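Once you have looked at the hints, place chains B, C and D with the ligands on chain A.
Protein chains in written order, with the working numbering: chain A, 215 to 525; chain B, 215 to 525; chain C, 311 to 576; chain D, 311 to 576.
Heads up, some of the hints might be wrong.
Pairwise CB distance ranges, derived in the manner of DEER restraints [stated by the list, open to error]:
| id | chain 1 | residue 1 | chain 2 | residue 2 | range |
| --- | --- | --- | --- | --- | --- |
| 1 | D | D480 | B | A505 | 15 to 23 Å |
| 2 | A | H520 | C | P420 | 39 to 47 Å |
| 3 | D | D339 | C | C444 | 38 to 46 Å |
| 4 | D | N343 | C | D361 | 37 to 45 Å |
| 5 | B | D251 | C | D505 | 44 to 52 Å |
| 6 | A | T333 | D | D403 | 47 to 55 Å |
| 7 | C | D481 | A | H520 | 27 to 35 Å |
| 8 | D | R518 | B | T516 | 25 to 33 Å |
| 9 | A | P303 | D | R324 | 44 to 52 Å |
| 10 | A | H520 | C | T325 | 51 to 59 Å |
| 11 | B | R418 | C | P401 | 32 to 40 Å |
Going by beta-carbon spacing under 7 Å, a handful of chain B positions derived as facing chain C [unchecked claim]:
| id | residue |
| --- | --- |
| 12 | P267 |
| 13 | D269 |
| 14 | R275 |
| 15 | I287 |
| 16 | G433 |
| 17 | R486 |
Read the hints as simulated data drawn from the structure, not as lab findings.
The structure displayed is predicted, hence computed values, not measured ones.
Glycine is no exception: its CB is placed at the ideal position from the N, C-alpha and C atoms.
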Amino acid sequence: MSTVDLEVSIGRLTLKNPVMVASGTFGYGSEYAGFVDVNAIGAVVTKGISIYPTDGNSAPRIVETPSGMLNAIGLQNPGFEVFEREKMPFLRKLRSKTIVNFFGSTVEEYAELAGRLDTVEGVDALEVNISCPNIKRGGLAFGADPQTAASVTRAVLRRTDKPVIVKLSPNVTDIVEIARAVADTGVDGITLINTLRGMAIDYRSGRALLGNVIGGLSGPAIRPVAVRAVYEVAQALDVSIIGCGGIVEWPDAVEFLRAGACALQVGSATFRKPSAAMEVLQGLEVFLKKAGHAMVGDLVSTVKVHGGGHP
Amino acid sequence: MSTVDLEVSIGRLTLKNPVMVASGTFGYGSEYAGFVDVNAIGAVVTKGISIYPTDGNSAPRIVETPSGMLNAIGLQNPGFEVFEREKMPFLRKLRSKTIVNFFGSTVEEYAELAGRLDTVEGVDALEVNISCPNIKRGGLAFGADPQTAASVTRAVLRRTDKPVIVKLSPNVTDIVEIARAVADTGVDGITLINTLRGMAIDYRSGRALLGNVIGGLSGPAIRPVAVRAVYEVAQALDVSIIGCGGIVEWPDAVEFLRAGACALQVGSATFRKPSAAMEVLQGLEVFLKKAGHAMVGDLVSTVKVHGGGHP
Amino acid sequence: MEAVHTQAEVTKRRTLARSTLLIELRAEDLFKNGQRPAPGQFVMLGPLKEDSTDPFLNRPFSIHRLSGPDRLELLIAVVGRGTTILGSLMPGDRLGLLGPLGNGFTFPEPSRPVVLVAGGLGVAPLFFLAEELCACGVQPRLFYGAGSVDLLVPTDGLQAQGVSVKLATDDGSAGFAGFVSELLAQELLNQETPDAYSAACGPMDMLRAVTDLARNRGLDLEVSLESRMACGLGACLGCTVFLSTGAGRRICCDGPVFRAREVFGP
Amino acid sequence: MEAVHTQAEVTKRRTLARSTLLIELRAEDLFKNGQRPAPGQFVMLGPLKEDSTDPFLNRPFSIHRLSGPDRLELLIAVVGRGTTILGSLMPGDRLGLLGPLGNGFTFPEPSRPVVLVAGGLGVAPLFFLAEELCACGVQPRLFYGAGSVDLLVPTDGLQAQGVSVKLATDDGSAGFAGFVSELLAQELLNQETPDAYSAACGPMDMLRAVTDLARNRGLDLEVSLESRMACGLGACLGCTVFLSTGAGRRICCDGPVFRAREVFGP
Ligand SMILES: Cc1cc2nc3c(=O)[nH]c(=O)nc-3n(C[C@H](O)[C@H](O)[C@H](O)COP(=O)(O)OP(=O)(O)OC[C@H]3O[C@@H](n4cnc5c(N)ncnc54)[C@H](O)[C@@H]3O)c2cc1C
Ligand SMILES: Cc1cc2nc3c(=O)[nH]c(=O)nc-3n(C[C@H](O)[C@H](O)[C@H](O)COP(=O)(O)OP(=O)(O)OC[C@H]3O[C@@H](n4cnc5c(N)ncnc54)[C@H](O)[C@@H]3O)c2cc1C
Ligand SMILES: Cc1cc2nc3c(=O)[nH]c(=O)nc-3n(C[C@H](O)[C@H](O)[C@H](O)COP(=O)(O)O)c2cc1C
Ligand SMILES: Cc1cc2nc3c(=O)[nH]c(=O)nc-3n(C[C@H](O)[C@H](O)[C@H](O)COP(=O)(O)O)c2cc1C
Ligand code: FES
Ligand code: FES
Numbered sequence: 215m216s217t218v219d220l221e222v223s224i225g226r227l228t229l230k231n232p233v234m235v236a237s238g239t240f241g242y243g244s245e246y247a248g249f250v251d252v253n254a255i256g257a258v259v260t261k262g263i264s265i266y267p268t269d270g271n272s273a274p275r276i277v278e279t280p281s282g283m284l285n286a287i288g289l290q291n292p293g294f295e296v297f298e299r300e301k302m303p304f305l306r307k308l309r310s311k312t313i314v315n316f317f318g319s320t321v322e323e324y325a326e327l328a329g330r331l332d333t334v335e336g337v338d339a340l341e342v343n344i345s346c347p348n349i350k351r352g353g354l355a356f357g358a359d360p361q362t363a364a365s366v367t368r369a370v371l372r373r374t375d376k377p378v379i380v381k382l383s384p385n386v387t388d389i390v391e392i393a394r395a396v397a398d399t400g401v402d403g404i405t406l407i408n409t410l411r412g413m414a415i416d417y418r419s420g421r422a423l424l425g426n427v428i429g430g431l432s433g434p435a436i437r438p439v440a441v442r443a444v445y446e447v448a449q450a451l452d453v454s455i456i457g458c459g460g461i462v463e464w465p466d467a468v469e470f471l472r473a474g475a476c477a478l479q480v481g482s483a484t485f486r487k488p489s490a491a492m493e494v495l496q497g498l499e500v501f502l503k504k505a506g507h508a509m510v511g512d513l514v515s516t517v518k519v520h521g522g523g524h525p
Numbered sequence: 215m216s217t218v219d220l221e222v223s224i225g226r227l228t229l230k231n232p233v234m235v236a237s238g239t240f241g242y243g244s245e246y247a248g249f250v251d252v253n254a255i256g257a258v259v260t261k262g263i264s265i266y267p268t269d270g271n272s273a274p275r276i277v278e279t280p281s282g283m284l285n286a287i288g289l290q291n292p293g294f295e296v297f298e299r300e301k302m303p304f305l306r307k308l309r310s311k312t313i314v315n316f317f318g319s320t321v322e323e324y325a326e327l328a329g330r331l332d333t334v335e336g337v338d339a340l341e342v343n344i345s346c347p348n349i350k351r352g353g354l355a356f357g358a359d360p361q362t363a364a365s366v367t368r369a370v371l372r373r374t375d376k377p378v379i380v381k382l383s384p385n386v387t388d389i390v391e392i393a394r395a396v397a398d399t400g401v402d403g404i405t406l407i408n409t410l411r412g413m414a415i416d417y418r419s420g421r422a423l424l425g426n427v428i429g430g431l432s433g434p435a436i437r438p439v440a441v442r443a444v445y446e447v448a449q450a451l452d453v454s455i456i457g458c459g460g461i462v463e464w465p466d467a468v469e470f471l472r473a474g475a476c477a478l479q480v481g482s483a484t485f486r487k488p489s490a491a492m493e494v495l496q497g498l499e500v501f502l503k504k505a506g507h508a509m510v511g512d513l514v515s516t517v518k519v520h521g522g523g524h525p
Numbered sequence: 311m312e313a314v315h316t317q318a319e320v321t322k323r324r325t326l327a328r329s330t331l332l333i334e335l336r337a338e339d340l341f342k343n344g345q346r347p348a349p350g351q352f353v354m355l356g357p358l359k360e361d362s363t364d365p366f367l368n369r370p371f372s373i374h375r376l377s378g379p380d381r382l383e384l385l386i387a388v389v390g391r392g393t394t395i396l397g398s399l400m401p402g403d404r405l406g407l408l409g410p411l412g413n414g415f416t417f418p419e420p421s422r423p424v425v426l427v428a429g430g431l432g433v434a435p436l437f438f439l440a441e442e443l444c445a446c447g448v449q450p451r452l453f454y455g456a457g458s459v460d461l462l463v464p465t466d467g468l469q470a471q472g473v474s475v476k477l478a479t480d481d482g483s484a485g486f487a488g489f490v491s492e493l494l495a496q497e498l499l500n501q502e503t504p505d506a507y508s509a510a511c512g513p514m515d516m517l518r519a520v521t522d523l524a525r526n527r528g529l530d531l532e533v534s535l536e537s538r539m540a541c542g543l544g545a546c547l548g549c550t551v552f553l554s555t556g557a558g559r560r561i562c563c564d565g566p567v568f569r570a571r572e573v574f575g576p
Numbered sequence: 311m312e313a314v315h316t317q318a319e320v321t322k323r324r325t326l327a328r329s330t331l332l333i334e335l336r337a338e339d340l341f342k343n344g345q346r347p348a349p350g351q352f353v354m355l356g357p358l359k360e361d362s363t364d365p366f367l368n369r370p371f372s373i374h375r376l377s378g379p380d381r382l383e384l385l386i387a388v389v390g391r392g393t394t395i396l397g398s399l400m401p402g403d404r405l406g407l408l409g410p411l412g413n414g415f416t417f418p419e420p421s422r423p424v425v426l427v428a429g430g431l432g433v434a435p436l437f438f439l440a441e442e443l444c445a446c447g448v449q450p451r452l453f454y455g456a457g458s459v460d461l462l463v464p465t466d467g468l469q470a471q472g473v474s475v476k477l478a479t480d481d482g483s484a485g486f487a488g489f490v491s492e493l494l495a496q497e498l499l500n501q502e503t504p505d506a507y508s509a510a511c512g513p514m515d516m517l518r519a520v521t522d523l524a525r526n527r528g529l530d531l532e533v534s535l536e537s538r539m540a541c542g543l544g545a546c547l548g549c550t551v552f553l554s555t556g557a558g559r560r561i562c563c564d565g566p567v568f569r570a571r572e573v574f575g576p
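The following block holds chain A by itself, in its conformation from the complex (with noise of 0.2 Å):
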């Protein structure tokens, strides 16, 4: 077996691996610092944060759906402040790249919390949250229309030299539309994709089952939604993708590069085995290796589309 290069770069940042961890479902990394060698992956993209301090929303938070599981977090987190302060060192000293998954309820808020950001040491990348479905303002809305997409990601960039990536929504009519706008502004890549809006109900009670009511829905259920994301956009952009939704196993990772994909985030599933990023990392080296691959993006964007079905 020949040796292969992990290396992947996102624009202007570059990773040692193409593996992340998804923001929300690994905390600020040292939750899971125990169990599994986070050292081992290429980035942890942390819980997304925000200018001040977010309660969240009411419980219940979760529930688990059929190959999923929907959330309403409502985007809780400790503030800028805390998070400098107290996860910082943390993943400072991480040998894993440190994403910083961020939002806001205003464009002027999203571009403030970038340059304060920019100025923190041990950040390599920001993650612009413009998709998330948990919370009134703000959130989805920015993700909806491809001028809006366009605007918070231009302020952000003006107040980072940070390479800045952006999360989009696959809530919309024509997820390509934004990607264009998203990307027409020079952003470093664009990751594809957060949770689908989704709610569930007891049907004993009645209750909703999120506290939020509509939550977002993740896990093994959407992968084919996501995998579709990241083929058109691939298709019709020439921009780095992060592909995300889904990723259980590193068969799936292999399923987003070839899609279009240059990097992967591994999200709920490591709700249900802790190593799940580090053995999509350990099975797609080796799968690599075996096909004789020199490196992740031989590939990148490798899907065959079949001709005719005349046997």
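Same frame as chain A, now just chains B, C and D with the ligands:
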């Protein structure tokens, strides 16, 4: 246990009970006649038909996904004339109502076919498919924009006196907006939802697992998205909603009723168990009886939303 | 016969070759009123897990043999998630069965010589056909190829009934070294069988090669096709393939058996 | 102690009450370097099916007892899909285990009287606490209520170790007829226990009632809470509940044990 009145009305259409089989998952009824008591259910919704025969997409056309499946049949159908001649005789003999699902590639084609179906004896209602993700022209395009959706619906309503139901796509930024435009035309009901656009790739070979590359995701995986769509539209509008998407067992049906649907369609679940719809109906009836409800309507829109979250 | 949807009980389970299991099912309903499935027909098994929606769809399998007045045998290659679950079934376990489905082979008149060609698991339905032919006094010849010897299912039972069996393996570990279509070409060169009936089941490339041969030698060939299925009975249009004429056919109910020239062209 | 993620082996499985199973797991890693879990801590079990993503999430269970140098017991009520799967595990089966998780009860000084209050499956962690107390020479009193006698888990083992047990059932089929909180109110009326430590686990309504009592009698009460969990270790923020002060707390790592007055108000 008390008796339950299972009859439901969807605008001008009255069904003896709220359980139907979804378009495309039950052929034209006769296919399943040997296995299950088709007469038990409220209505059969036929596979979508067009004026002229349609070949559909190249193989493969289906692939399994976590708790669901993708299909890209491409609306294969024998065309109106063969449908009327060869499929209607069986459907006419049923004690369940017949709802004919149909599509066109222009507004005029929709209208034309509605006019032809209007004269067909035994057709109890029309279901207008403006939401199929598997055809290039028409289909989804009509369901993605409120104005277009409304004009297709109006064109159909002008050509038929039969009850008209419009089936919407979840692949839109704001389903309430589309539903409102359609409801304002005075349509009898709205079916929520058709499939989500998705895709899968064989990780080993890199081949897209559907001949058409992109297809429609159905099954329990999408139930949270469907329940959310029903809830949102039911909260916003006063229109009869037929809930569809991932119903496998009767508790799922109760969930849709509580979210705001007044009738239901069982789709892919029939592939697992030909009697799925009949079992949903039986379970629903027992549940209503045990809970002391006199009619199906007692459950409709009974979802309870949490207050607070403080213990 | 009319198909039924029933619960079957696993009555036997045995490994016949590498990753290849024989599973016997008791399913009285398939045999009621004196009916019986025909060679080439198949069944859908599932739901695979009653308490889980993943995996979601049922799986199609050819009827391999009828092993008793209320029993059928399936030959199952463990190739993925569904077949792994089926492979872990134990005698006494029950599971849903829909069948018999599909059209089956055109049973040839007893006077005609019969040539059967199997590639890999394609042998499954040909056992059933061969045994029915033997019961009618026909002694078919079976050409049967697989990757290597450990993938071959034992054929002594068939031979005892009078079937003459010729084996091929890709790696030469048993019988002819090469593809079964090559073995067939060699054998047919030496023998003229103009009015023979032939049935083939196996990978698409093999079926194409066998069809080419049949075309040249004037063999009357039927092939059994596979495709992904959801309903198994003509309702979903998921299994449609397009024939050489451009016409779409549902493998589950217009097939799985088709005239070879319809599929690959005259 | 530090939590671990490991594979545990089922070593015992017994029905203790209606739809209530005792499952013993061997999980050496939980005991390495002489560490051991503390009463009130819990574990997450899963994936529930290795070969299926439905059900998707792991499930939390309190540690019910330590039954050997490398073993722990769980008490599992079969209430839904996940617990049905867990209930079908047999000795020899293996499954993922993450733990021990959470903070556990504040172990009271040996001099203080201890009152334990359990509603239904809330008894699970209180067994562990009671046994540890007995080992330190404290003889706690356990008030234990359930719907009816067939739902009560046997307590003779605890009694043999010196725990005094008072039972309550909603239908009066065993012990006091009524809620365990009512039984407790009656008992506390007759006895003054001002410096007693108390721990309660059970349904929210019961905990609220017991907290009211504790407030009036000056009992020092800790309650163990439940909520839906995804990660079990503080990362997902899915288990957050809001205390009476309005502050959000993660049950999995800020709890599951909280001071009663923090939860329900002073
Ligand atoms: C009419 C018919 C008769 C069949 N008879 C037999 C038989 O007698 N013995 C036997 O072992 N197999 C038979 N098959 C194939 C069998 O259905 C598949 O191997 C099985 O469904 C794979 O399930 P899985 O979950 O293990 O594989 P998956 O994990 O779903 O996929 C593994 C591999 O199997 C292929 N596959 C998946 N589903 C099908 C399908 N429906 N048809 C064909 N290939 C598929 C996939 O392309 C993939 O390469 C038959 C198929 C058909 C259509
Ligand atoms: C810290 C903690 C300790 C626990 N200890 C025990 C224990 O020792 N023994 C025991 O039998 N149970 C215990 N539980 C509850 C147990 O986790 C649930 O009963 C179990 O997860 C239900 O799984 P299910 O798939 O069978 O139920 P589901 O089908 O998911 O749901 C059935 C019912 O269980 C409830 N439920 C589901 N998940 C949870 C959850 N995570 N927490 C609470 N309720 C839930 C649902 O609201 C529903 O009413 C504990 C829960 C927590 C949070
Ligand atoms: C509990 C939870 C919390 C999440 N929080 C965030 C967040 O703060 N910011 C964000 O951009 N995405 C958040 N997400 C979305 C995930 O990062 C990811 O996009 C999504 O879950 C799909 O991936 P998966 O299917 O692998 O989980 C969250 C997801 C979950 C399940
Ligand atoms: C194989 C297949 C074919 C379908 N064909 C049609 C169709 O012709 N017209 C239509 O409106 N919907 C069609 N649908 C969508 C279903 O009617 C239904 O809206 C969708 O599958 C969601 O429901 P389910 O999750 O219960 O399957 C089809 C679905 C499947 C799986
Ligand atoms: S499998 Fe449904 S039509 Fe053939
Ligand atoms: S369960 Fe994830 S934070 Fe508590």
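Hints versus structure:
1. About 22 Å separates the C-beta atoms of D/D480 and B/A505, a value consistent with the hinted range of 15 to 23 Å.
2. For A/H520 paired with C/P420, a C-beta distance near 43 Å keeps the hint of 39 to 47 Å intact.
3. For the pair D/D339 and C/C444, the supplied restraint of 38 to 46 Å is violated, since their beta-carbon distance comes to about 60 Å.
4. Taken as a hint, the range 37 to 45 Å holds for the pair D/N343 and C/D361, whose Cβ atoms sit roughly 39 Å apart.
5. For B/D251 and C/D505, the hinted distance range of 44 to 52 Å is satisfied, since their beta carbons lie about 48 Å from each other.
6. In this structure the supplied range 47 to 55 Å holds for A/T333 paired with D/D403, their Cβ-Cβ distance being about 53 Å.
7. In this structure, C/D481 and A/H520 meet the distance hint of 27 to 35 Å, their C-beta atoms being roughly 31 Å apart.
8. A beta carbon spacing of about 26 Å between D/R518 and B/T516 agrees with the range 25 to 33 Å that was offered as a hint.
9. For the pair A/P303 and D/R324, the supplied restraint of 44 to 52 Å holds, since their beta-carbon distance comes to about 48 Å.
10. Look at A/H520 against C/T325: about 35 Å separates their beta carbons, and that is not inside 51 to 59 Å.
11. A hinted range of 32 to 40 Å holds for the C-beta pair B/R418 and C/P401, which are about 34 Å apart.
12. With a least beta-carbon distance of about 10 Å to chain C, the hint placing B/P267 at the interface is violated under the 7 Å criterion.
13. With its C-beta approaching chain C no nearer than about 6 Å, B/D269 sits inside the 7 Å limit, and its interface hint holds.
14. About 5 Å separates the beta-carbon of B/R275 from the nearest beta-carbon of chain C, less than 7 Å, and the hint is met.
15. Using the Cβ-Cβ criterion of 7 Å, the hint placing B/I287 at the interface with chain C is satisfied: the shortest such distance is roughly 5 Å.
16. Look at B/G433: its Cβ gets to within about 5 Å of chain C, closer than 7 Å, so that hint holds up.
17. Proximity of B/R486 to chain C holds as hinted, the smallest CB-CB distance being about 5 Å (cut-off 7 Å).
Checked against the numbered hints above, the structure breaks hints 3, 10, 12 and satisfies the rest.
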